[in-house]
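J.: Chain by chain, the residues run as shown.
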Amino acid sequence: MLRQRCGMTRNDPIKHFFIWPALLIVLVISIFPLIYSLTTSFMSLRLVPPIPPRFVGFGNYAELLQNPRFWHVAWTTTIIAFISVALQYVIGFSVALALNRNVPGEGLFRVSFLLPMLVAPVAVALIARQILNPTMGPLNELMTFFGFPNLPFLTQTRWAIGAIISVEVWQWTPFVMLMLLAGLQTLPDDVYEAAALENASSWQQFWGITFPMMLPISVAVVFIRLIESYKIIDTVFVMTGGGPGISTETLTLFAYQEGFKKFNLGYTSALSFLFLIVITVIGLVYLAILKPYLEKHK
Amino acid sequence: MSVRDLKGNGRWWALAGCLLWLAFTFFPLYWVTITSFKSPLGVVGGPTYLPFVDFEPTLTAWTELLSGQRGQFYNNFMASTIIGLSASVIATAVGSMAAYALVRFTFEVKLLTGVIFVVVAFGGYLLGRHVAGFGQATSLIYAFVAALALAIGSSRIRLPGPVLGNDDIVFWFVSQRMFPPIVAAFALFLMYTEMGKLGFKLVDTYTGLTFAYVAFSLPIVIWLMRDFFAALPIEVEEAAMVDNVPSWRIFFGIVVPMSKPGLIATFMITLAFVWNEFLFALFLTNSRWQTLPILVAGQNSQRGDEWWSISAAALVAIIPMVIMAGILSRLMRSGLLLGAIK
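Heads up: the sequence lines are chains W and G, in that order. Residue numbers for the first sequence follow the working numbering, so the first one is 1 and each next one is one higher. Residue numbers for the second sequence follow the working numbering, so the first one is 1001 and each next one is one higher.
Since the hints were derived computationally from the structure, they do not count as laboratory data. Heads up, some of the hints might be wrong.
Said to hold, decoys possible - Straight-line distance between alpha carbons at most 20 Å, and here's what the computed EDC-like set of lysine to aspartate or glutamate pairs gives:
hint, chain 1, residue 1, chain 2, residue 2
1, G, Lys1110, W, Asp12
2, W, Lys261, G, Glu1238
3, W, Lys261, G, Glu1194
Okay, chain W solo, but in the shape it has when bound (with noise of 0.2 Å):
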């Protein structure tokens, strides 16, 4: 920052070199990509069987949109993705405040707790499986032992969609714990200590300071989570493949059969930019909705 207000290399043509090459390959895969399949979004194009590309306007679109499928898979998405995402918030919390008042043994705990994060999904999604499976798997031994046996977890919508979100919240929770816990730890000692002599309750401490003061790095890795959640395909592939029929179908998956299974082309770039415009509006109404919020605890 300094040397820019001295200006001494301000002009120094090496930074074209230091930056073009990421500048390149970012437009060079994945602009020009963009540009092309918007373009096919507008055509209708099909590879089986194979006919001659035409332009149809806003075809593929309101087709789309008509289209009680898609409507069910977007609710199907909204769902997984705001209830994980509300829970892997509250036990991240949790965690993550036990974590920074020093329980023993906090740092065995961090390290462990970083783990799910880096396990490949569709690995995850097939431990699920075995888990899940209603006849041999250890939680079916556990809901027999209580009365319950053969629970349908993975062919039945309810009870499919709440594994899916179970693993979700296994696996996510690790790092909105980790933001939060980063951002625990840069609070002043003293408010604490302010707020202890004025005798307040852990209770009140934690509504009136803790919350309004994370508030701000909170509605970050919400916001982070939700978009990455909305994209979720490799844990529901593996676990019910979107069913039973397409119950449990998100978004990406499918736009995956469509494109893949189909090769509706046209279709499925209209598809995916529907996505990218739902993802668009519900980061913009969320971040409207909590900007008076942020704003007020400045």
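For chain W, the structure is supplied; the task is to place chain G on it using the hints.
T.: Just chain G now, kept in the frame of chain W:
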């Protein structure tokens, strides 16, 4: 005893909660590990929990897997390793250079330049495709080159309109990560297929998948490394500049060695992301360069209830990352990544 310590009962409740979460975290990993040592009979007979106590561990699944009786497992493992390592190395190198430039130099891009790029790229593609009658890939390449040339040319002349600074460029890079990957994966698949028709085979090749991963790791690398470089003391670099050391030598000779921990952490985070990635591999590969997650996902439909071998395959995908988690947490304890989280 600081104000942060919990007193009395609260401490034990917190500990109990943490232990509960620990059990929830570890049970699936424990389960997959013991299952990989079970015999087929031991799996079908119902759940068993303790090796040597309620089942006799065997190495059947592992010997079958490692001897290659169960399909080409080495091939996938090598593909994952090669692509993972090279994509993370390239992404870390290219991304750190960009991040450094964005921290230490000022960039000014006119908004209009960006608009020109997008308009020319779109228009050129549509013109080439539907008016001039070029093939899809050819018109794509022409439009891209024309758009890039015009955008660079236009940045030389004075253009009216708002100017984008370094922060906007960083935001542009990072926002790439917000896109649902299906948009990019599907578009890339289409583009790679078109390139294939021109004779550049990109689907199911090393180059194709590696560069896709590089592009999609760059946002995170730039984000992490920018914070890291910004936290470095500038005095050392300034001293070197007074001595007229060229910028590229300052970067490679001084900055890179100073940022080794940050580079290592970023490299590992990228590697974990690429190693576990599923969607791009699903779209962009079909046999030769298929990565481990695809193999692991396929186990399910191929093997049905052969959990012992499924577990062993899943563990092969998990273990390298577990080792990395150990290294990463050690780096993290030294406060290395705190800067990245702010």
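J.: Hints first: check each against the structure and report whether it holds.
T.: Going down the list of hints, with the structure as the test:
At roughly 19 Å between alpha-carbon atoms, Lys1110 (chain G) and Asp12 (chain W) fall within 20 Å of each other, so this suggested pair holds. Taking the CA atoms of Lys261 (chain W) and Glu1238 (chain G), the gap is about 58 Å. The hint is violated against a cut of 20 Å. Using a Cα cut-off of 20 Å, the hinted pair Lys261 (chain W) and Glu1194 (chain G) holds, with the two alpha carbons roughly 19 Å apart.
Of the numbered hints listed earlier, the single one contradicted by the structure is hint 2.
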